[in-house]
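Engineer: Single-letter residue listing:
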Amino acid sequence: MSQLKRNNSQISETFVDHLEQHGVSRRGFLKFCSSMAAALALPTGSADVMAEALSAAKRPTVIWLSFQECTGCTESITRSHTPTIENLIFDFISLDYHHTLQVAAGHQAEEARDMAMKDAYGKYLLIVDGSIPTKDGGVYSTIAGRTNLSMLEEAAAGAAAVISVGTCAAYGGLPMAKPNPTGAVAVTDIVKDKPVMNIPGCPPIGLVMTSAIAHFLTFARLPDMDELGRPKAFYGDSIHDRCYRRTFYDQGLFAKAFDDEGARKGWCLYELGCKGPTTHNACATMKWNEGTSFPIESGHPCLGCSEPNFWDAGSFYEALSVPQGRVGETVLKAAAVGVGVGVAAAALNRSNKSAAVEGRETMTVEDLKKES
Amino acid sequence: MEVNELLIWARGPAFNMALAIFVFGMLLRLFEIISLGRKSDLSAARDSGLSGGLRTIFSRSLPRKTVFAREPLRILNGYILHIGLFVVIFFYRPHIELLGLDLAGLSSSVIDAVTVITILSLFAALLMRLYSPVLQHISTVGDYLAWLITLLPLITGYMAYHHLMLDYTQMLAYHILSVELLLVLAPFTKLTHMFSFVLARWYQGYLAGRRGVES
Ligand code: SF4
Ligand code: SF4
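If you read the sequences in order, they're chains D and H. In case it helps, our numbering puts the first sequence at residues 1 to 372. In case it helps, our numbering puts the second sequence at residues 1001 to 1215.
A few of these clues could be false.
Claimed, not checked - In silico DSS-like links for lysine-lysine, alpha-carbon gap of 30 Å or less:
#1 K333/D / K1190/H
#2 K118/D / K194/D
#3 K353/D / K1039/H
#4 K192/D / K123/D
#5 K370/D / K353/D
#6 K232/D / K192/D
#7 K1039/H / K1190/H
#8 K1190/H / K353/D
#9 K1190/H / K1065/H
The hints are simulated quantities; they were obtained by calculation from the structure and are not laboratory data.
Using the sequences plus the hints, can you model the full thing?
Structural biologist: Structure follows, in structure tokens:
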């Protein structure tokens, strides 16, 4: 990754020049554009537009800030499949700051960030992974003595657009799980005046991240997004709707344990806690690790990792339809109160009745004869 | 509230609250009925009230010929409605999982078809109520409320499964919430009959049994 820190002359070199230098043919490049266009579900002809835009593109500055995170998202993006695509992505943007991937460290790294921000003010793409702690002035995560909060505010001010990578940056993620000790929030809770795209997932699929970035570079705008700020091309369908085990769900055939006959036969994992029905992501179609498989294919239920609050949605291994909380206790307590009040009401009824009986005045024939 | 949050709330705190009200309310109503008290029957029993009561709990599930001849449609529709509800509640796998039962379950397409039939039968029941002068006379707001809160879970469940109108997650949340509405209101509407029918039938059978007549 020595290329990550570049001087200005390199930044102005176009993408295609750069590819040629690295021995990537125009044909290979076009192929890449077609696969990107397909991944983004763009209309036919878009691959050409993309190729044209990308070949003319000056390698734009990208600043990647990592806050309260686990580096899983970076691990994932480095596995963006087919090595050529991985190289392309790292080569056609100028990744000027990224904790894990940059060579520079300490003050040099921070200087590189400052310089990149100044040089490309208003034009750079800001990528964030990790949530931002806000409690106690944001002291729970700092970089070079600065809080994540102040670093984000400063970097977002000069960004053309922001991409929140991973569920932590997009929705708060695991750091935000109850009781949220650091007061973690999502990027959109801080950045209100810039276009922000969410690429959630814990982590997101590498190819989804790179494709979304490519879209921004091609069309100079973020792709169509859903109400949760996710690109529709990747998050438009639920895992369940694209799951190859769906036919078993519909037939009512379910694995009930990880090692039972149903599991061996590849039946639906709903009863083992699969959150596929309420989870929007591209796992079932794009798959992981160069299209090898995805969690459900290897026998594990979906955790719902690309949805807000998935961390507080109860056990990963309980079916979606199973209520959460102490249901047994609820029933017992309610029953006890119900019986108690019921007995009291019954006693009241009885005493009212016997009072009425006692209060009865006896009538005699004489009474009836009386003229009123 | 964001949809995932709504779903979490519906599956957790809301469900527990609704269930508590349901259990509390139903027990209260049952005590209320039992504690009404009956006049003691001073005549000598001709036969056992016990067996008469038990038998009647089940025998009243079958239509009487004379009654059936008078209102065949209404009675048939009643069967369709109740059996339909029973099937969709107890034989859909996610519901079985929720109830913690050990039942086989039916395929989604069968449940789907039964749901449609049940919804249609609810509408048929409504039409019959609206077009029968007698029923119109004795119908109260409670009757229409009971109808509505029975319909909502069916409709929302169907729409969630078919992704109609709203996103699945949101519709699923509404489906669960509609069931919770049913749980909360059931003890205070005529839907108490889901339990009290046993008491009512038992009492009829018991009285008839003591008198030695058929019930
Ligand atoms: S395994 Fe999960 S996503 Fe696949 S069909 Fe079953 S419930 Fe749906
Ligand atoms: S299958 Fe579900 S939990 Fe697993 S990565 Fe995909 S969205 Fe996340």
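Engineer: Could you run down the list of hints and mark each one as holding or not?
Structural biologist: Here is how each hint holds up against the structure:
| no. | hint | verdict |
| --- | --- | --- |
| 1 | K333/D / K1190/H | 25 Å, holds |
| 2 | K118/D / K194/D | 18 Å, holds |
| 3 | K353/D / K1039/H | 12 Å, holds |
| 4 | K192/D / K123/D | 17 Å, holds |
| 5 | K370/D / K353/D | 29 Å, holds |
| 6 | K232/D / K192/D | 21 Å, holds |
| 7 | K1039/H / K1190/H | 25 Å, holds |
| 8 | K1190/H / K353/D | 25 Å, holds |
| 9 | K1190/H / K1065/H | 26 Å, holds |
Comparing the model with each earlier hint shows no violations; every hint is respected.
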